[in-house]
Structure formats: structure tokens, C-alpha cells
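What follows is the residue order along each chain.
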Amino acid sequence: MAAVVEMSKVSKTFGDGTSIIRALDGVDLKIEKGEFVAIVGPSGSGKSTMMNLIGCLDRPSNGVVKIAGEDLSMLNDKKLTELRNYAIGFIFQSFFLLPKTTALENVATPLLYRGVHSKEAKKKALSMLKKLGMSDRATHGPTELSGGQQQRVAIARALVTEPSLILADEPTGALDSATGKQVMDLLTELNQEGITIVLITHDLDVAKRAKRRISLKDGKIISDTKGAA
Amino acid sequence: MNLRIAARLAIARIIATKTRSGLTMLGIIIGVMSLIALVSVAQGATSGIQDQFKGLGARNLTISGNTTESLTIEDASEIAKLPGIDVVSEQVSGNATASSENASTRIRVIGVDVDYETIVEPDIFAGTFLANTDFAQDSRTIVLSSALATSLKVDASIINETISVGSTEFTVIGILDDANGFGNQGTAYVPLQTAFRYFAVPPYLNTITVQTTSEELVPLVTTNLSRLLSSRHNITGDRDADFTITDASQLLDAIGTVQQFLSLLLGGIASISLVVGGIGIMNIMLVSVRERTREIGIRRAIGAQQSQILTQFLIEAIVLSLLGGIIGVIIGEIVAYFLATLGQWNFALSPTMILASLGFSMLVGVLFGVWPARTAARLKPVEALRFE
Ligand SMILES: Nc1ncnc2c1ncn2[C@@H]1O[C@H](COP(=O)(O)OP(=O)(O)OP(=O)(O)O)[C@@H](O)[C@H]1O
Ligand SMILES: [Mg+2]
Chain A
1 MAAVVEMSKV SKTFGDGTSI IRALDGVDLK IEKGEFVAIV GPSGSGKSTM
51 MNLIGCLDRP SNGVVKIAGE DLSMLNDKKL TELRNYAIGF IFQSFFLLPK
101 TTALENVATP LLYRGVHSKE AKKKALSMLK KLGMSDRATH GPTELSGGQQ
151 QRVAIARALV TEPSLILADE PTGALDSATG KQVMDLLTEL NQEGITIVLI
201 THDLDVAKRA KRRISLKDGK IISDTKGAA
Chain B
230 MNLRIAARLA IARIIATKTR SGLTMLGIII GVMSLIALVS VAQGATSGIQ
280 DQFKGLGARN LTISGNTTES LTIEDASEIA KLPGIDVVSE QVSGNATASS
330 ENASTRIRVI GVDVDYETIV EPDIFAGTFL ANTDFAQDSR TIVLSSALAT
380 SLKVDASIIN ETISVGSTEF TVIGILDDAN GFGNQGTAYV PLQTAFRYFA
430 VPPYLNTITV QTTSEELVPL VTTNLSRLLS SRHNITGDRD ADFTITDASQ
480 LLDAIGTVQQ FLSLLLGGIA SISLVVGGIG IMNIMLVSVR ERTREIGIRR
530 AIGAQQSQIL TQFLIEAIVL SLLGGIIGVI IGEIVAYFLA TLGQWNFALS
580 PTMILASLGF SMLVGVLFGV WPARTAARLK PVEALRFE
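Protein chains in written order, with the numbering used here: chain A, 1 to 229; chain B, 230 to 617.
Excised from the complex, chain B in its bound form (with noise of 0.2 Å):
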């Protein structure tokens, strides 16, 4: 008896006991379901914010300076001749307490210059980013982040009107639309020369942000970078450098390998479920070939050898739980689609992980069907038959 044949009496036999194949089922599809869906999720939000970073900085590389006297003014306009840089941008910051009528916070004052907004091209909420004149003028014209504007209890209607930082009155410019990057908790933008008046000590910047011509030149120009910079702060032999050079690809690495522990860790617990289904499959089994003792023995009695009794019993065992996969993969693509539009993220069937979840499914027939099938091929012919 080949192995179609088993095939096809394990179908006939999950057709003809339906509802018990269907609840038999019912664990390994809701394992599948959640691990296509959790999985979807991990990707699906991460590659989202990878989209975001792609977007903006692909070109950009940072310099960061170790300690806050590591990188100068000077340092910058010397990184400006290199070849292959469009634009280079300086930054400050220093702490300050910011009041508004309603409220008041510690809060991070960044100076940026006049490129800045180039570069990073920061999403406005209400009003506008630092504009040319207030560069020119080094006037005291403030951005405030979006949860700095919630801190200080502002909204729109702060626009045009002053807060003070530190001992300084401001006029808010502008609100940032940030609600979900990264680190601009109570964050204040004002122009560079503006903040070295007030919140930080000339010539030391905090930052260096550099614009390359292309993506390719990245890594050249971070090499060139590195070299001008060390021998500039006379950085040779074992001495560390005092400054940090990042681009988008280390964040984007850092964002990927944030994506596969969550995949990870949310197909885990999935596997989990699938597990045990598993169990659930091999509980069932075992019933089954308790009740169908009899018609074991009366295939043995005709020539069915051990191995076909085996063959028939795991078969039926794959067939539960890759069918189980099946339809798992159906609904969890549902779920993952629908999720994707909640969230929205690109919504893309990942062949790799349909043919992961099957192949697993598969494995745990494999794993939990073999100790029902190895019962039911070792029950002796004669007491199988006698039995009732």
C-alpha cells in the first residue's frame, strides 16, 4: 500500500468523522492563525518605521561628539571642503526650564543652523520651522516639539505668542508633528547662534550632520570623515576617538534586529499554541485507535504489516494538522491583512512564512502522530481482534 493510499484513507476518514477532525483541528489552526498574524504584526509596524528612516536618511551620516567639547565650529567648515558632501549641519543643546502660562518642564534646547531643516526635513504640526530670517537675525523665535507642547499644556493658539525659557521670553514659531519619533520628549528647536547666547559655549557643538551626494558615497565619505577628524583632534595609536560616526544603515540594522526579536519572540509564543494543538492532535489519535482496535486487527488479519498500519495513522496525523496549517494560513493572512489596514502598514503574503508555518504544522503531526500510529501498529493481531 503506498503512501497515496494512506493519503486517501486518512481524507476519507477525517470526511467521514467531520466535527471531531474539525475540533481535532481547531488547535493547530488557531496556532498558525496567531503565528502568521503576530508575525505580520512585528513586521509590518517595524517595516513601517524602516520605510520612514529610508525615506529621510539613506544619505545622511552623524557625527556625534564624544564629550561636549570634542567637536568645534571649526571641525565643521573643514568637514564642509571634503568632496562629496552637500550639506553639512551644526547643532548644540543645553537644558533649560521652559514656562508657559499653564505649566512648566525641564527640557533640551537644540540649536540648529540654517540647513538643518534641509536635511531632516521635520514634519510641521502648526505654524513653520525656524525660517532664514530668524537665522540672520539669531532672534529669540522658538519650535517646541509635540509633547513639549502637550508638557507645557499649548496648543496651536500658542503660535505667535512667548514662553519663557530659562530667564528668556521666546516666541513659538511652531509645533513639530512628531508624535512618533524617537527622542523628542520635551524638546525645544531654536537657532544656533541664538542658543550659543543663551544655553551653550561657542565653539562646541554636540552634533554634525552631513548630507553625502549619493547613498554610495556613504561609506567613503564616513572613512574620509573619520580621518580628517582624527587627525584633526590628534586621535593616533590606542588613543579612542572622541566622536561617533552613525549612519541610516547602523540604525536600520539596529531597527531590523529589533524586528527579528520581536518576530521572534511573538512566533514563540505562537509555537507555543501550535504545540499544543499538537498534544490536542495526539490525544484524539490515541481515541481513535482505542475505538478502531478492532478493524486494526482486521487489517492485520488480511496482510496489513506494521509499517502500513503506521503509514496510515501518522498519515492521518500529518493530513489533521497540515490541513489544520491550511487553514490556518487562510485565516491568519485575513487577520494580518486587516491588521495591516488598522495600522497601516503595507500588507505583503510572505512566502517564506506560509511555507514555515506549513512545514511546521506538518512537523508537529509528524512529532505527535508517531507515538498513536506506533501504538496502533504494535497491537497484536489476535488481541486486536477480540477486542470489543
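In isolation and in its complexed conformation, chain A is listed as follows (with noise of 0.2 Å):
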């Protein structure tokens, strides 16, 4: 079975002429299906470009990246969002919940783009929403929920599809910290349930919580290590 993502020897550049900027600089990396990898690195290091490729929301300037065996560079624009909606789960810092859209609602949404029928996919939606202890929020706009709630509601979304990975970028990263240990908790549950997770932090603490820790540095992987920290 293929790998969930495969990248060799990637690059991804912005900008033209003299002013280029080398995001990503010839990457190889490779995750498993059920592991657990966090993404560290300073600022301006290349995390979200490569989170960017693994979410199949762009496509590299060099190199090869294969999302659930698919090469992206492969792909027209309707397969690369059939990709996102149907491999690939997102959970974002600032939730990005859908705006004037009750938690119910977001959640069903993905369900809804891939065809599903409405009144199934706020069945599913409300079952997902109960897993995560939300479902006393449902007819609840975004305004009305806490940052940790809203996170919650996110996170059903990002799983009423079931993907096979879930694409985290700095996910506590507007949380306090007990909100935050709680999405962690949660996230190492769910890997323990079989799904890939794949996080982005600045956080060490929170990156010791992975399985395996990748540090970027001006667009190159500087350190890959397995087990725990």
C-alpha cells in the first residue's frame, strides 16, 4: 500500500529573477499510514508551504509529491479538491469555521460538496459532533462557542469525512494551554484509532507529544527523529 505522503526531492520557489524565494529546498521525506509527525521550525522555515503540498492545496515547483499514492502534478484542479475533501482532514489555528454557519452546518458541509444527501450528512455531522462532545452546541454559530469549542467543531469537520490524514497547522496555537493539552489529547486518540496525523508548532512541548519530529530550516530537513522525545 502506498505511502499517505511522499515527497522527492521537492521545491517549491516564490518570486522570479532576483528576487526568488526558495520555500521548500529539495525535500524527501515520507509518512506512513498511522503515524503521528509534527513539523517544527523557525519562522519563515517553509512549514506551511509544506503543509500547503501535503493538503494538496498546491502543487510543487520541482520534485514529486504523492498524496495517498496520487502525483499532484498529475492532477487538474477537481481531482486535487476531490483529493482534499475525500483524503485529508483540516484543522487550522484560527478554526476557520465557516462565518453565520451553525457548528451543525460546518460540520456537514465537506459531506455536502462530495454529493451527500442533506438530511444523511447532518446525521453524520451530529454523530461526529456527540464523539467530540459537542453535540449540545450544534445549532450554535461560531461567535456563539469558546476558542476550544470552536476547535472541537473544526475537528469533527475535519473527520466527519474520514480521511485518512489529518492536516494540523498550529492547531493550539490559539488556545490556552489546558484547551490546548485537551485538542492534543484528542489528536493522539484518534492516531491511536489508526488515523495519520501530520502537525505543524512552534511548540516543543506540544511536538514532543508526536511520534516523530521533522525540523525544517530555510526550506530544507534539518533533523528527523522517531520515538518519543
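In the PhoX-like style, the derived pairs of lysine-lysine whose C-alpha atoms are separated by at most 25 Å in a straight line are: (1) A:K79 with B:K609; (2) B:K609 with A:K100; (3) B:K609 with A:K78.
Rather than coming from a laboratory, the hints here were simulated on the basis of the structure.
Dock chain to chain to rebuild the complex, using the hints, since each chain is given by itself in its own frame.
Spelled out as C-alpha cells, the structure:
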């Protein structure tokens, strides 16, 4: 079976001529099913750029990125979008819930985009909210929820599509440490259920919870360590 | 995501931004409202005139001579022998100067026979129309059009008083109530024989009016008349006829043409404001797409296809314009109703007009929604997510 993420000699550049920026520079990386990977590195080191490639939101300038066995450079926008919808669950630092939309509708939306009937989508969304202890907030909008609650809804939205990969960019960055710990507990639990998790973070304490840590600097991988820190 | 969900999203959005949506729709509302109201004015006003003519003249045919010496009294008596004809009325006309104590003016004097009243049924404002005794005695009695009474600065008190026409004194016996009629400016009516004595040369007639026994016979009688007069006037081969036969249907057609033209003109003007309304929608939709760049990025990240984003924004524009159209139709019909009451014509809801207005506003929504929707759909997911 194909690796969840496979990168070989991947570069990503922005701009051209003299002002060219190498956000990623010859990265080789393989992430297998069931891993829990933290990507760390200083600001501007290329973490978000890497996350965009793994999340099928962008294509590399050079090299090959394969997600769930699919070469991104070979896919058109429609296929990339399908891959995001079916294979990946996104969790963002600032939650990114849809505004003026209830928790239930937020969670149901990815299913609607893949053509699931509205009733069925809501049923699945509600059971996912229940699993995350948020079913009593189903009809609340984002502005009526605390940060931790919003992140739980966002996680429910990421999970409802049953993705093979959860991609989390600073998921605890906007939360206090207690709430952040709850979110990390949740991710650990999901990983134990078999879901692959890629986590981007500044926070070394958070990174320690992962089974594997990859350090980036100037667009290059400078260390890749496995096992508990 | 099917259309129903896109529509629900659009409606939710429109409700969530009530004030802005209302203002955005205003252009469409005003456009559709004026479209409905103006076209109903054009149709109402002209159909009033049409009804008047239908009431009068559906059975009538008018034969006019193309020169002053084309038609004769003899023609009229031969026409009277044709089948399918009820009444034949002869008219001549001449010009003269009329003077009252207060003013004087050039007028057209029309000599009419006893049957004229039967066919034309003129409305009388004061006094009476020419009576049998007037015809019998070829008397110097005269009936004024309301426009002429105004020109001569006389009112109902002139009845049974005299005015001079040419060098002759005439007794005024009536004033017509023809304020809304056509071509009656400065017109006066006298008995036929009186006209022959003072203003016209017998045996020539200007017009002969024929009333058929039924409306259905009008085409047949027209053909017979044409045949009869052509043979009497020796019109053969290439020679153009020296007479013209008109019936009410031609007049009604002409009014219909005016009505269509007016509707198109007024409708066209109103459509311009509808287009301006469309530009308003496009403007706000573009602003909205910009404001919602982040939201679009999120939707794209979690699996919205470009086509689904396009549908969402396009439906939003269409719902806005269609909703504006519906409100515009309702207000427009209310305005049309009040205008009809004021103008005293019949108010009728026109389903064609309503459907056309709604169709047009929807079209405006599509046309002016496409660009913003395409802009939204073509945003790059990464950049949309980074947008502050
Ligand atoms: N769209 C872009 N256009 C131009 N330059 C970009 C773009 N995206 C990223 N970069 C540049 O690429 C480099 C890597 O950026 P990236 O966002 O991946 O860093 P990061 O590790 O996520 O940093 P942070 O921890 O601050 O989020 C930076 O120098 C950044 O300025
Ligand atoms: Mg970043």
C-alpha cells in the first residue's frame, strides 16, 4: 500500500528573477499510514508551504509530491479538490469555521460538497459532534462558541469525511494551555484509532507528543527523529 | 452540492445581510416597478381608445375621395343598393371663417346628412345635434365641436344664438362633447344641402360612410364597394383608384401599432434602469466576494469544487435579482392599479408581462452575477486562505 505522503526532491519557489524565494529546497519525505508527525522550525522555514503541498492546496515547483499514491502534478484542480475532500481533514490555527453557519452545518458541509444528501450529511455531522462532546452546541454559530469549542467543531468537520490524513497547522496556537492539551489528547486518541496525523507547531512541548519530529530550516529538513522525545 | 443547497445558502446569506441585500435589490425593484407601471400605462391608455372605437365603428366603412371631385351623390345612391348595407351617409366639407362676438377663426365646415348621427353617434355637450327638421328645411343651423367653441370663446349660452360663417348667419343648436376625439379642432357641422349652398359644389362628396348589417360582412362589403366604384369611375388595369376605403380594423391596427411602440419605448426606458440595477448587484457581489475570500478559501480547502463556488455566488446574484423582481412586480402592479384608477382605464394583471419581468430580472442576475461568481471560483485556495 502507498505511503500517505511521499515527497522526493521537492522544491517550491515564489517570485522570479533576483527576488526568488526558495520556500522548500530539495525535500525528501515519506509518511506512512498511522504515523503521528510533528513538523517544527523557525518562522519562515517553510512549514506552511509544506503543509499546503501535503494538503493538496498547491503543487510543487520541482520534484514529486504523492498524496495517497496520487502525483499532485498529474491532477487537475477538480481531482485535487476531490483528494482534499476525500483524503484530508484540515485543522487550522484560527479554526476557520464558516461564518454565520451553525456547528452542525459546518461539520456537514464537506459531505454536501461530495454530494451526500443533506439529511444524511446532518445525521453524520451530529454523530461526529456527539463523539467530540459538542452535540449540545450543534445549532450555535462560531461567534457563540469558545475557542476550544470552535476547534472541536473544526476537528469534527475534519473527521466527518473519514480522512486517511489529518493535517493540523498550529491547532493549539490560539488556545490556552489547558484547552490546548485537550485538543492534543484528542489528536493522540485519533492517532491511536489509526488515523495518520501531521502537525505543524512552534511549540516544542506540543511537538513532543508526536511519535516523529521533522525540523525544517530554510526550506530544508535538518533533522528527522522517531520515538518519544 | 445541488442547486437546492446553493439556493438555501444564498437565501441564508441574504437574510443575514438584510440591509445590504435590500439596498442591492433596490435598483432591480425600481427597474421592474417602472417597467410594469409604464407598460401598463401605455396599454391601459391606448386600450381605452381602442374600446371607444370598437364600440363605435366595428360595422362602419368610410370611403374617401382622393380628389375633391372623386365621389358623387350618385355613387352614394348606387352604394345604397348593394346588399349587406344598413345605412349610407354622405358628407362634404369646405373651409370658411367663423366669427362670434368674441373671436373669429378659420374652420372646417362639414355638411352631413340625416344618417350621420345614426352612424357616428356624436356625444353632445350642450343643445342637440342636427334634427330632422334642420335637414328638411336646409336651415342655417350649426353644431360646433368643443374645440371650436373654445376658439370662438363661447359657452353653452351660445345655443340658439347666432354666429357668422363666411357672410352668412348661422344659429348654433349644439356643442359636441368631443374633447378627447381626433381631428375635430375647429370643426362645425351643418345640414348637407346647406353646405352645398354655401361651402361646397354639388354633386361632389368628400366622404361616404357605410354601416354594414353585421361586423362579419365588412370584408365582403369592402370588396363589393371597391368593385362598384372602380367600374363607375372607370378604374381599370394600372390606373390607381381615386378613392380609399377604410374600416375600423385598420384604425384599430394603427392604434395597436401605437400601443406596441409606446410599450416598447417605455419598457425600453424602464429596462435601462433594470440594467443599472444589475450593475448594482454586480458591484455588491464583487465586494462580497472580496470580503468572503477567506470563507471561499475554507470552502475550497474542505472540498468545494470551483463549479460549486460558482453556483453558490451565481445563485446568490439570481436570488437577489429575482427577489427584487418579485417585489418590483408587486409594487409595480399596485402603482399600475392606482394609475388606472386615475386615468379611468381598465386595470388588468398581465401574466405575460409579469413573467417577462421576472424572466428579465433573472437574466440580469445571471448576466451580472457571472463575473463576480467566476472571480470567486477562480481564487487560488492557498491565497484565499492567507487573505486577511
Ligand atoms: N505566496 C507566497 N508568495 C511569496 N512568498 C511566499 C509565499 N508563501 C510563502 N512565502 C515565503 O516562503 C517562505 C516560507 O514561508 P512559510 O509560510 O512556509 O513559512 P512558515 O515556516 O510557515 O513560517 P511561520 O512559522 O511564520 O508560519 C517565507 O520566506 C515566505 O515569505
Ligand atoms: Mg506558517
